[in-house]
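A.B. asks: In order, the protein sequence lines correspond to chains A and B. When we follow my numbering, the leftmost residue of the first sequence carries the number 90, and every step to the right adds one. When we follow my numbering, the leftmost residue of the second sequence carries the number 90, and every step to the right adds one.
Check the hints yourself; a few may be wrong.
Same chains, same label: a pair holds when it works inside one copy or across any pair of copies.
20 angstroms max Cα-Cα, derived DMTMM-like pairs, lysine to aspartate or glutamate [to be verified]:
{"hint": "1", "residue 1": "K513", "residue 2": "E154"}
{"hint": "2", "residue 1": "K267", "residue 2": "D308"}
{"hint": "3", "residue 1": "K440", "residue 2": "D193"}
{"hint": "4", "residue 1": "K246", "residue 2": "D525"}
{"hint": "5", "residue 1": "K197", "residue 2": "D438"}
{"hint": "6", "residue 1": "K440", "residue 2": "D192"}
{"hint": "7", "residue 1": "K157", "residue 2": "D518"}
If you are wondering where the hints come from, they were derived from the structure by calculation, not from laboratory data. Bear in mind the structure is a predicted one, so any value in this text is a computation, not a measurement.
Protein chains: 2
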Amino acid sequence: MICGLLGVAHSPRALAKQRVDLTVIHGTLVTMDGKRRVLEDGAVAIQGDTIVALDSSATIDSMYESSKVIDARGALILPGLINAHTHMSMSLFRGLADDLSLDDWLHKYIFPAESRYVTRDFVTWSTRLSLLEMLRGGTTTVADMYYFEEEVAEATKAAGMRGVLGETLIGFPSPDSKTSAAALAYTESFLKHWKGDPLITPAVAPHAIYTCPEDLLKDAAALARSNQAPLLIHVAEAPFEIEQSRHDHGLTTVEYLARIGLLGSNVLGAHCIWLDQADIQTLAHFGVGCSYNPSSNMKTAAGSMPAVELLSAGVAVGIGTDGAASNNNQDMFEEMNLAAKQQKLARMDPKALSALQVVEMATITGARALHLERQIGSLEVGKKADLIVVDTTAPHATPMYNVYSAIVYALKSSDVRTTVVGGKPVMEDRRMLTLDEPAILAKAAQYATSIGASFGPGTK
Amino acid sequence: MICGLLGVAHSPRALAKQRVDLTVIHGTLVTMDGKRRVLEDGAVAIQGDTIVALDSSATIDSMYESSKVIDARGALILPGLINAHTHMSMSLFRGLADDLSLDDWLHKYIFPAESRYVTRDFVTWSTRLSLLEMLRGGTTTVADMYYFEEEVAEATKAAGMRGVLGETLIGFPSPDSKTSAAALAYTESFLKHWKGDPLITPAVAPHAIYTCPEDLLKDAAALARSNQAPLLIHVAEAPFEIEQSRHDHGLTTVEYLARIGLLGSNVLGAHCIWLDQADIQTLAHFGVGCSYNPSSNMKTAAGSMPAVELLSAGVAVGIGTDGAASNNNQDMFEEMNLAAKQQKLARMDPKALSALQVVEMATITGARALHLERQIGSLEVGKKADLIVVDTTAPHATPMYNVYSAIVYALKSSDVRTTVVGGKPVMEDRRMLTLDEPAILAKAAQYATSIGASFGPGTK
Numbered sequence: 090m091i092c093g094l095l096g097v098a099h100s101p102r103a104l105a106k107q108r109v110d111l112t113v114i115h116g117t118l119v120t121m122d123g124k125r126r127v128l129e130d131g132a133v134a135i136q137g138d139t140i141v142a143l144d145s146s147a148t149i150d151s152m153y154e155s156s157k158v159i160d161a162r163g164a165l166i167l168p169g170l171i172n173a174h175t176h177m178s179m180s181l182f183r184g185l186a187d188d189l190s191l192d193d194w195l196h197k198y199i200f201p202a203e204s205r206y207v208t209r210d211f212v213t214w215s216t217r218l219s220l221l222e223m224l225r226g227g228t229t230t231v232a233d234m235y236y237f238e239e240e241v242a243e244a245t246k247a248a249g250m251r252g253v254l255g256e257t258l259i260g261f262p263s264p265d266s267k268t269s270a271a272a273l274a275y276t277e278s279f280l281k282h283w284k285g286d287p288l289i290t291p292a293v294a295p296h297a298i299y300t301c302p303e304d305l306l307k308d309a310a311a312l313a314r315s316n317q318a319p320l321l322i323h324v325a326e327a328p329f330e331i332e333q334s335r336h337d338h339g340l341t342t343v344e345y346l347a348r349i350g351l352l353g354s355n356v357l358g359a360h361c362i363w364l365d366q367a368d369i370q371t372l373a374h375f376g377v378g379c380s381y382n383p384s385s386n387m388k389t390a391a392g393s394m395p396a397v398e399l400l401s402a403g404v405a406v407g408i409g410t411d412g413a414a415s416n417n418n419q420d421m422f423e424e425m426n427l428a429a430k431q432q433k434l435a436r437m438d439p440k441a442l443s444a445l446q447v448v449e450m451a452t453i454t455g456a457r458a459l460h461l462e463r464q465i466g467s468l469e470v471g472k473k474a475d476l477i478v479v480d481t482t483a484p485h486a487t488p489m490y491n492v493y494s495a496i497v498y499a500l501k502s503s504d505v506r507t508t509v510v511g512g513k514p515v516m517e518d519r520r521m522l523t524l525d526e527p528a529i530l531a532k533a534a535q536y537a538t539s540i541g542a543s544f545g546p547g548t549k
Numbered sequence: 090m091i092c093g094l095l096g097v098a099h100s101p102r103a104l105a106k107q108r109v110d111l112t113v114i115h116g117t118l119v120t121m122d123g124k125r126r127v128l129e130d131g132a133v134a135i136q137g138d139t140i141v142a143l144d145s146s147a148t149i150d151s152m153y154e155s156s157k158v159i160d161a162r163g164a165l166i167l168p169g170l171i172n173a174h175t176h177m178s179m180s181l182f183r184g185l186a187d188d189l190s191l192d193d194w195l196h197k198y199i200f201p202a203e204s205r206y207v208t209r210d211f212v213t214w215s216t217r218l219s220l221l222e223m224l225r226g227g228t229t230t231v232a233d234m235y236y237f238e239e240e241v242a243e244a245t246k247a248a249g250m251r252g253v254l255g256e257t258l259i260g261f262p263s264p265d266s267k268t269s270a271a272a273l274a275y276t277e278s279f280l281k282h283w284k285g286d287p288l289i290t291p292a293v294a295p296h297a298i299y300t301c302p303e304d305l306l307k308d309a310a311a312l313a314r315s316n317q318a319p320l321l322i323h324v325a326e327a328p329f330e331i332e333q334s335r336h337d338h339g340l341t342t343v344e345y346l347a348r349i350g351l352l353g354s355n356v357l358g359a360h361c362i363w364l365d366q367a368d369i370q371t372l373a374h375f376g377v378g379c380s381y382n383p384s385s386n387m388k389t390a391a392g393s394m395p396a397v398e399l400l401s402a403g404v405a406v407g408i409g410t411d412g413a414a415s416n417n418n419q420d421m422f423e424e425m426n427l428a429a430k431q432q433k434l435a436r437m438d439p440k441a442l443s444a445l446q447v448v449e450m451a452t453i454t455g456a457r458a459l460h461l462e463r464q465i466g467s468l469e470v471g472k473k474a475d476l477i478v479v480d481t482t483a484p485h486a487t488p489m490y491n492v493y494s495a496i497v498y499a500l501k502s503s504d505v506r507t508t509v510v511g512g513k514p515v516m517e518d519r520r521m522l523t524l525d526e527p528a529i530l531a532k533a534a535q536y537a538t539s540i541g542a543s544f545g546p547g548t549k
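Chain A with its partners taken away, still in its complex shape (with noise of 0.2 angstroms):
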C-alpha cells in the first residue's frame, strides 16, 4: 500500500542521486566566490562539515538525497558571518560603564569589575553569552582574545561556533596568570591542546605595543611562528600609543612592530586606526590582516580607520565587533552597516565604500585577513559549510533591489533565521540547538544582580 512511495524512492532516477547529510535549498544564493555569484532559488548539498555542491534547487534536488533539508524560501543563503575581533567572555559588563573618558572607563570600572569577577565561571557563562547573541545574528566565526581561553575554547567549541581564539598576553598581572612568563607557557599548552581542532584554531595574542614588554611581543612571535598559529593584536587604536611609541622608540605602532620582527602573514591587527602611508605599506608587505570596528571605534571615540586607503593597498580587512564592553552589541549586520557609512562620512564621499566591498568585508575578505580564506568566506565547494539564512520578507528589507544594498543598509540581525557551522545546524528557525538559551540568561542575571550591586547604578 505505499508502493507509490517506495516506487519513487527505488526508481532508477532515484537511486542514482548521492546522499549527502544536509541540503539547504530554495533560497537566493549569495556565494561571495570569485565571480560573486548570485543565485536565485539556489542550493547547497552538504557532506560531513563540508559543501559539495552548489547549483540551482531544481538540480541539487535532482542529484542529491538528503537527510536533513533546510527550506530557504523568502530568506538568502550566505556564507556565515566572520566577526574579526572580539572579547566575549566581557558581555557580563555589556551597559556597565558608558559615556567616559577612556580613564575612567577602564580605571573606575573595567579593571576593577575584571580583577574582582574574571573567574573560570564567568568567562564560561560570559563567552556562552556572547555565543548566543552571535550565532543568533548570523556570525559563524570569531577571533578572541581574552583570559582563561581554555574555557572560552571549551563554550566556543561546545556552541558549534569556529574560532581563532587566544589567550591575552600582557605585561602585568591577569585573571589567570601571575606572570609574562605563565601566560606564555598557558599559550604554549592551549597551542599544543587545540591543535587539529575542526573548529577552534588557538592562536597567539599580546595585547599591544603599550602593555606588552618587547621581550613578551618577541615571545609571542617566535611562539605564533613555530607552532604556525595565527596572532592576535590590537595596532593603534589610540593616538595615544603612536605618541608614547614615537617617544619610547622613535617609530610608529607599525614602524616598531616591524623592527622587532612580529608583523607576519599570520598576524592579525585589531582597530590599525593611526596609520601613515608607509605604515599601510608595510601591512601590506607583510600581509598582515586588519580588523575594522567601527561601532567600537565610535562610541570610544578612538577615531577613524583608514579602511578604503588599507583596501586599495591589498591588506586584508575584516570587521569585527569588539567586546560588548565597548560596543555594546556583537551584531555583524550592525558592524556591516556602520563600517559602510562611517567610511563614507569620514570621507565625506557616498561612494567611499560601496555594500559589495562591505560584504566582503565580513565574508571573503574577513577570512583572508584571518588567513582562513582556503576554509570560509565563501559558499564553494570544497569549503566548511558555514552559512546562514537571512529571511528577506520583513517590511524594512522590502523591496529588495540588490541583496548587497539588503544586507548591509536594510538587513538586520533579527532576520536570521538558520545558523549552520560546519556542516551543523546550531540554530535553526530561530530555535537554539546547541546553547541552553534560558540557562544562559538565568546565569546573566545572577551575574549582573551582583556585578551591579558592586559597580552600577542599576536602572536609574
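Chain A is fixed; fit chain B onto it per the hints.
C.D. replies: This is chain B only, laid out in the frame that chain A set:
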C-alpha cells in the same frame, strides 16, 4: 457558583476602582518626565487617548479596573519614539540606488523613478510600508514631507500613527502639482481638512532654499503662520547649499531664512549640518527645532551635524531617519545608536553625547522640536498615551545595568513587542492590528518588480 469571582468584583474595595480603557502593567517605566523618573514594576492607566495615572503596578492595580491589560513583564515601558524627519512615500525606492554621487543618485535614479512612479496609489502603499516598519520598531509620531500628502495623511491616520505631515512645496512641477500656486492651494486645503484631527497635525513644507524661489518660501511662511501650523524645511544639508546661498544672497542658509522672515517657533529644520556659531544662536533665538538624521547624513556623506553645540545653545534637536532612499531603514533604535556614536567620533570625545541625552532627543526633546511637547514625548498624567513595550530579555540586551544605555547601545527595533498610540494598541505582541501586513508586502513586491525592471539591476 461563580460567587467567588462576583464577590471580588462587588467587594467595596473593588467597587471603588475607577474604570479605565487600558492599563500597561509590570514593566520598567521610563517616564522621561521632568525628573526622568524610572520606576521598576511600574504601570500606566489610560482613558481614551490620555494617560490618567502612572505608578507602581500594585497601586495602579488597586485603583483601576481596566477593560484591557497589557502585561509588560520583562520589558521597558517607554514613551513612543518620535521620528522627526522622513519621507514615508519613498520606501518603495529602498535600495534602488546606493553608493552613488549625489548627482547620479538624484538624476539617474530618484528623479526619474519619482517622475515615473509617484502616484496616489504608489504613495498610499509606500506610506503603509513605512508605517508598518515604523510602528513595528516603536515609532509613534512621524514628521513627513512629500507629495500627495493627503494620501499620506489618510494612510497615517488609518494606521493609528501620529503625524506632522506637510505637502512638499518646490519651485518646479512635482508629481501632484504643476505649479507652486497649485501646491500652495493644495497645502491650504490640506491644512483646513486636517485641522483639529487628534492624530494628524497638518504642516507647511517648503523643500529647501535651493529648490524654492523666495516668493514661495515667504508664501509658505505666511500660510503656516496664519494657520498656526508647523513648517518643515530642509536646512543646510550640504555644502553646496551654503555656497549657493552665499553667492546668491551673501548669507548663510540660516541668515537668509531669518532675513526673509521664515524662522519662528513653529519651524522644524531637517539636517542643519552646515551651521556656524551665529547660525546656531539664530536657530536658538527663534525657537526653531532641528532634526538630526545620522544614518542619512553618513550614508550620503552630507556631513556631521553640530548636534552637541545646538543642544548646548538650547535648540531642541530631535532624531529622524530620513526616507528609505537614503538610509535605508526607518528604525529609531538604529538612529539613536548612531546619533551617540557619530557625535562621539566627530568630536573625538566619548562623553560628547550621553545615552540619556540621546533618549531625550528621540522622545521629549523630539517632541519639543516638533512643538508638540505638551501632548507627547514623555509618560505623564494628561499627556497622550503614546507608548511602547520593549522586551529586555534577548541575549544582546543582557545584562541591563542602565536603562538608557540599554536603549541606545543594546536594544533593537526587533525588541519592540507592543506599540500604543493615543491609547490604542496598533501592534500587540508583534501582531499588527491596524495594518494588513501581507497585503502591503504583496503590493510592495508588485511595485518592486516593475521598478526593478526599469531601474535596477535586480539581485546582481
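A.B. asks: Hint by hint, note whether the structure agrees.
C.D. replies: A quick look at each hint next to the structure:
1. K513 - E154: within (17 angstroms within a copy, 52 angstroms between copies)
2. K267 - D308: within (17 angstroms within a copy, 75 angstroms between copies)
3. K440 - D193: between (38 angstroms within a copy, 11 angstroms between copies)
4. K246 - D525: within (14 angstroms within a copy, 44 angstroms between copies)
5. K197 - D438: The answer is between: 18 angstroms across copies meets 20 angstroms, while 39 angstroms in one copy does not.
6. K440 - D192: The answer is between: 12 angstroms across copies meets 20 angstroms, while 36 angstroms in one copy does not.
7. K157 - D518: So K157 and D518 pass the 20 angstroms test inside one copy only (14 angstroms; across, 32 angstroms).
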